[in-house]
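Undergrad: Take 2 as the starting number for the sequence shown in our numbering and just add one per residue.
These are computed hints drawn from the structure, not numbers from a lab. Positions of the beta carbon are idealized from the N, C-alpha and C atoms, including for glycine. One should not assume that every hint holds.
Claimed, not checked - Simulated crosslink set (DSS-like; lysine-lysine; CA at most 30 Å straight-line):
{"hint": "1", "residue 1": "LYS717", "residue 2": "LYS735"}
{"hint": "2", "residue 1": "LYS717", "residue 2": "LYS672"}
{"hint": "3", "residue 1": "LYS300", "residue 2": "LYS201"}
{"hint": "4", "residue 1": "LYS37", "residue 2": "LYS49"}
{"hint": "5", "residue 1": "LYS562", "residue 2": "LYS532"}
{"hint": "6", "residue 1": "LYS265", "residue 2": "LYS311"}
{"hint": "7", "residue 1": "LYS265", "residue 2": "LYS725"}
{"hint": "8", "residue 1": "LYS537", "residue 2": "LYS613"}
{"hint": "9", "residue 1": "LYS348", "residue 2": "LYS573"}
{"hint": "10", "residue 1": "LYS725", "residue 2": "LYS613"}
{"hint": "11", "residue 1": "LYS562", "residue 2": "LYS537"}
{"hint": "12", "residue 1": "LYS31", "residue 2": "LYS49"}
{"hint": "13", "residue 1": "LYS323", "residue 2": "LYS37"}
{"hint": "14", "residue 1": "LYS49", "residue 2": "LYS348"}
{"hint": "15", "residue 1": "LYS717", "residue 2": "LYS311"}
{"hint": "16", "residue 1": "LYS300", "residue 2": "LYS323"}
{"hint": "17", "residue 1": "LYS265", "residue 2": "LYS735"}
{"hint": "18", "residue 1": "LYS672", "residue 2": "LYS49"}
{"hint": "19", "residue 1": "LYS311", "residue 2": "LYS348"}
{"hint": "20", "residue 1": "LYS265", "residue 2": "LYS738"}
{"hint": "21", "residue 1": "LYS735", "residue 2": "LYS672"}
{"hint": "22", "residue 1": "LYS477", "residue 2": "LYS323"}
{"hint": "23", "residue 1": "LYS300", "residue 2": "LYS315"}
{"hint": "24", "residue 1": "LYS532", "residue 2": "LYS573"}
{"hint": "25", "residue 1": "LYS717", "residue 2": "LYS323"}
{"hint": "26", "residue 1": "LYS311", "residue 2": "LYS300"}
{"hint": "27", "residue 1": "LYS348", "residue 2": "LYS477"}
{"hint": "28", "residue 1": "LYS562", "residue 2": "LYS573"}
{"hint": "29", "residue 1": "LYS537", "residue 2": "LYS265"}
{"hint": "30", "residue 1": "LYS315", "residue 2": "LYS348"}
{"hint": "31", "residue 1": "LYS717", "residue 2": "LYS315"}
{"hint": "32", "residue 1": "LYS717", "residue 2": "LYS613"}
{"hint": "33", "residue 1": "LYS348", "residue 2": "LYS300"}
{"hint": "34", "residue 1": "LYS613", "residue 2": "LYS532"}
{"hint": "35", "residue 1": "LYS672", "residue 2": "LYS348"}
{"hint": "36", "residue 1": "LYS738", "residue 2": "LYS725"}
Unchecked claim - Ranges of calculated distance between the beta carbons of each label pair, as one might list FRET restraints:
{"hint": "37", "residue 1": "TRP187", "residue 2": "ALA224", "range": "17 to 25 Å"}
{"hint": "38", "residue 1": "GLY325", "residue 2": "GLY502", "range": "40 to 48 Å"}
{"hint": "39", "residue 1": "THR304", "residue 2": "PHE546", "range": "31 to 39 Å"}
{"hint": "40", "residue 1": "THR304", "residue 2": "PRO183", "range": "52 to 60 Å"}
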Amino acid sequence: MTNSPHARHGASGHTDPVCGAQVGEDTPWKAGYQGKTYFFCSRSCRDKFTAAPEEALAHPPDAGHGMDMKGMDMPMHHHEDMDHSSAMESAAAAPGTVYTCPMHPQIRQDHPGACPICGMTLEPLLPSANARDDTELNDFRRRFYFSLPFVVLIFIISMGGHLARWMNAGVQNWVELFLAIPVVLWAGEPLLVRGWDSIKTRNPNMWTLIGAGTSIAFLYSLAATIVPGWFPPVFTHDGHVPVYYEAAAIIISLSLLGQVLELKARSRTAEAIRALMNLAPATAHLVLPNGVESDIPLKDVQTGDVLRVKPGEKIPVDGVLKDGGSDVDESMLTGEPIPVSHVPGDKLIGATLNTTGTFTMTAQNVGNDTVLARIVNLVAQAQRTKAPMQRLADKVARYFVLAVVLIAVLTFFAWGFWGPQPSWPHGLVNAVAVLIVACPCALGLATPMSMMVASGKAASLGILFRDAAALETMHKVNILVMDKTGTLTEGRPSLVNVTTGNNVNMDALLARCASLEQNSEHPIAHAFLQKAAEEKLTLSPIEDFQSFPGGGVAGTFQGSKVCVGTADMMQKRGVDISSLAPWVEEQRRQGRVTVFAAVDGQAAGAFSLADKIRENTRQALADLTARGIRIIIASGDAPATVEAVARELGISEFHGGMTPADKQALIASLKSGNAVVAMAGDGVNDAPALAEADVGIAMGTGSDVAMQSCGVTLVKGNLLVISKAFALSTATVKNMKSNLGFAFVYNALGIPIAAGILYPFWGILLSPVIAAGAMCLSSVSVILNALRLRRFS
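Sequences are here, hints too, so could you generate the full structure?
TA: Dropping the structure here:
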């Protein structure tokens, strides 16, 4: 395919001045400085450059740290806000897959592994569209089941030795050693490697504690088995040095079980992304210039390609209908079950379903620029961004691990010097128990699991959270500023009223005007045609059609001269419209636009047009008001029009005639009063205000710029789900808090018990085996609690 007209042309020809990545000129992130254009691999790099261009140019990155964005042949670990644009293709092709950490999205590399910061298993930026990649899950499952028979035998032998000495102590130690070696050194290898990596990288985490606890228990037991004579008499009990192979083996096995459960839960969060990716067809029918049709993979479709779509097939990419026509099921985006009729010139959305006719289309947005790809990227990005609460938990966890290590050391020496005999073995066992029971895996999972499950659930409801901060902040919002056009209203004019003069029949006049307007592409023309379709009027051909930009249209309808247009156009054509003045004034007071109709030089009537309020707007506003949220309208439309809409919706605070800067200033002034402000809009003119707000909410039916400025996108443009977004945010924050609270309470109770605080009073000690079980149970509890968000409705 490399020589075909649809082969890739985006050669890497520029170096990102911030990170050193190789990027092509087709990158969406560019910036000019001192007359030169610079190209960037991500929004993050562009923003860093524009903030301090001189510093970036003065300290160019080492070329060795860069990455070819096409080949992805070098690991990267530095972009917190890397665009997922390359991920949609690379997820399906193993050589180009980029792996990241759910808790630390700045970690990026081109191969699977563990996060060097927290030790969690890395996962692809995007899952495969065809099948789940369960390689890591299968590996841990295999290791866990492999360890089970050895662990059971070690446990039976160890407990048997405690209950009744039926085997020589020295022989028993050697038997337990041979049973423990495959568990600790093979099954537990990835866990021990993670613990060692955490020490090498100076990032203490849960694997630091697990690795230290199991290693100490195993190495101590190994020495006690091979060279028991090295130990002083105080370490002996019943004539031999006790060993703790069963503790090390069971801790490894339980930790493996915890990883299996965690990986299974995390794989569920990818189902929403996988379902979205599978909406797109695998191939497209390319129509070559000579008319020959060729089936090509979807990834090979280029902008400008002519594609044929047949009945029952999904539209491959975003584009424009070229020849033919059909009814298209767009419920994937709009939620509307009725197929939409499309004619040449209409825009088509990839992954929507062609239900009837065959047509050709011209590809416009392909690959990662399609609406579907942007939706997938938003979901993936939301699932891997850290909430402010998680950043706090990360900092706490780091110091927590250091504190636990210190407590374990103090526990060892305190028992050794002041504990009952055998004091030093007791000290070792209790120190290991402290390390295990305090493992912060529950703390580490508390917020990422809630965020991943919540963002996946939100996607199924038609709500896309671009980052975790938006999901966490949304529940605090107490003021919602809303644009009018396209947000509260449908964003297109509709014919809402008509008056006629000189005994003209209303339906006859509408049929004449609609017949005339069917030759025009103006939005007002669509309003006439829609009304005529609703009234089931028959349209006729027009002769001598003329269009007057800014004025109206004219032509001959069955021998009569018909024109539709503004008052100025009527005046220029000598048509007296004074008799319609009172009606026109009344429509103006209601914020409506008026156009006039004339037949054979005589005023025949007038039509008023308005942007209809969305069907679910009133219910949505009632739901938001019930939540205690203050609603404000901010629109660039004429003040009279905005006032009319506000009055109809019962909103007392409104602003009309606002520029984009005015909207942004309004948001800033509201925020200065310690309010948490959200802004809902759909247009380019809303982008500054959307970015200024604490939470920006974009309508999915609006512009790309608006969506890129927002933390939240309503895919269907349905305001009813905005209340669900607030409710989901509240539920998610409660879920995270309960997870964190459980993790901290668990450790606050477990550590003192493991250290032996209850022993002087009731003789209670916490075995490392029981500590490992409690640690695993806490993680499972956090995972199950987070998965409750899947039942949100």
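Undergrad: All hints, please: hold or fail.
TA: Hints and how they fare:
Our distance criterion of 30 Å between C-alpha atoms is met by LYS717 and LYS735, whose separation comes to about 27 Å. For the given pair, LYS717 sits about 28 Å from LYS672 by alpha-carbon distance, which is consistent with the 30 Å threshold. Note on LYS300 and LYS201: the hinted pairing is violated, with a Cα-Cα distance of about 41 Å set against a maximum of 30 Å. Of the pairs offered as hints, the one joining LYS37 and LYS49 holds, with about 17 Å between alpha carbons and a cut-off of 30 Å not exceeded.
Distance restraint check for LYS562 and LYS532: the Cα-Cα separation of roughly 22 Å lies within the 30 Å cut-off, and the hinted pair is therefore satisfied. With a C-alpha separation of about 39 Å, the suggested pairing of LYS265 with LYS311 is violated against the 30 Å cut-off. Of the supplied pair hints, the one linking LYS265 and LYS725 holds, its CA atoms being roughly 27 Å apart against a limit of 30 Å. For a cut-off of 30 Å, the pair hint linking LYS537 to LYS613 stands: about 20 Å separates their Cα positions.
This hinted pair does not check out: LYS348 and LYS573 have alpha carbons roughly 36 Å apart, beyond 30 Å. Taking the CA atoms of LYS725 and LYS613, the gap is about 24 Å. The hint holds against a cut of 30 Å. Simply put, LYS562 and LYS537 have alpha-carbon atoms about 23 Å apart, close enough for the 30 Å limit, and the pair holds. Between LYS31 and LYS49, the direct Cα distance comes to roughly 12 Å. Compliance with the 30 Å bound is thereby established for this hinted pair.
Among the hinted pairs, LYS323 with LYS37 is inconsistent with the structure: their alpha-carbon atoms are about 38 Å apart, more than 30 Å. Pair hint LYS49 plus LYS348 does not hold up; C-alpha atoms about 36 Å apart against a cutoff of 30 Å. The straight-line distance between the Cα atoms of LYS717 and LYS311 is roughly 26 Å, inside the 30 Å bound, and the hint therefore holds. Restraint check: the Cα-Cα separation between LYS300 and LYS323 comes to about 21 Å, which is no more than 30 Å; the hinted pair holds.
A threshold of 30 Å between alpha carbons decides the hint, and for LYS265 with LYS735 the separation of about 23 Å falls inside it, so the pair holds. In summary, the hint linking LYS672 to LYS49 is supported, as the alpha carbons are separated by about 25 Å, within the 30 Å threshold. About 17 Å separates the Cα atoms of LYS311 and LYS348, which keeps this hinted pair within 30 Å; it holds. Under the criterion of a C-alpha separation no larger than 30 Å, the hint pairing LYS265 with LYS738 is consistent with the structure, at around 23 Å.
Proposed proximity of LYS735 and LYS672 is supported: the alpha carbons are some 24 Å apart, at most 30 Å. For the given pair, LYS477 sits about 48 Å from LYS323 by alpha-carbon distance, which is inconsistent with the 30 Å threshold. Between LYS300 and LYS315 the CA atoms are separated by roughly 15 Å; this keeps the pair inside 30 Å, and the hint holds. Restraint check: the Cα-Cα separation between LYS532 and LYS573 comes to about 28 Å, which is no more than 30 Å; the hinted pair holds.
Of the supplied pair hints, the one linking LYS717 and LYS323 holds, its CA atoms being roughly 26 Å apart against a limit of 30 Å. As the CA atoms of LYS311 and LYS300 are separated by approximately 19 Å, the hinted pair is consistent with the 30 Å bound. For a cut-off of 30 Å, the pair hint linking LYS348 to LYS477 is broken: about 38 Å separates their Cα positions. A distance of roughly 15 Å separates the Cα atoms of LYS562 and LYS573; the hinted pair therefore holds under the 30 Å criterion.
For the given pair, LYS537 sits about 56 Å from LYS265 by alpha-carbon distance, which is inconsistent with the 30 Å threshold. The straight-line distance between the Cα atoms of LYS315 and LYS348 is roughly 15 Å, inside the 30 Å bound, and the hint therefore holds. Under the criterion of a C-alpha separation no larger than 30 Å, the hint pairing LYS717 with LYS315 is consistent with the structure, at around 19 Å. Taking the CA atoms of LYS717 and LYS613, the gap is about 17 Å. The hint holds against a cut of 30 Å.
Between LYS348 and LYS300, the direct Cα distance comes to roughly 20 Å. Compliance with the 30 Å bound is thereby established for this hinted pair. As the CA atoms of LYS613 and LYS532 are separated by approximately 13 Å, the hinted pair is consistent with the 30 Å bound. Between LYS672 and LYS348 the CA atoms are separated by roughly 39 Å; this puts the pair beyond 30 Å, and the hint is violated. Distance restraint check for LYS738 and LYS725: the Cα-Cα separation of roughly 20 Å lies within the 30 Å cut-off, and the hinted pair is therefore satisfied.
Range check, TRP187 to ALA224: Cβ separation about 21 Å, and the 17 to 25 Å hint holds. The beta-carbon spacing between GLY325 and GLY502, approximately 42 Å, falls within the hinted interval of 40 to 48 Å. Remark: the range hint 31 to 39 Å for THR304 to PHE546 is upheld by a beta-carbon distance near 33 Å. Taken as a hint, the range 52 to 60 Å holds for the pair THR304 and PRO183, whose Cβ atoms sit roughly 57 Å apart.
Violated hints, listed in ascending order, are 3, 6, 9, 13, 14, 22, 27, 29, 35; each of the other numbered hints is respected by the structure.
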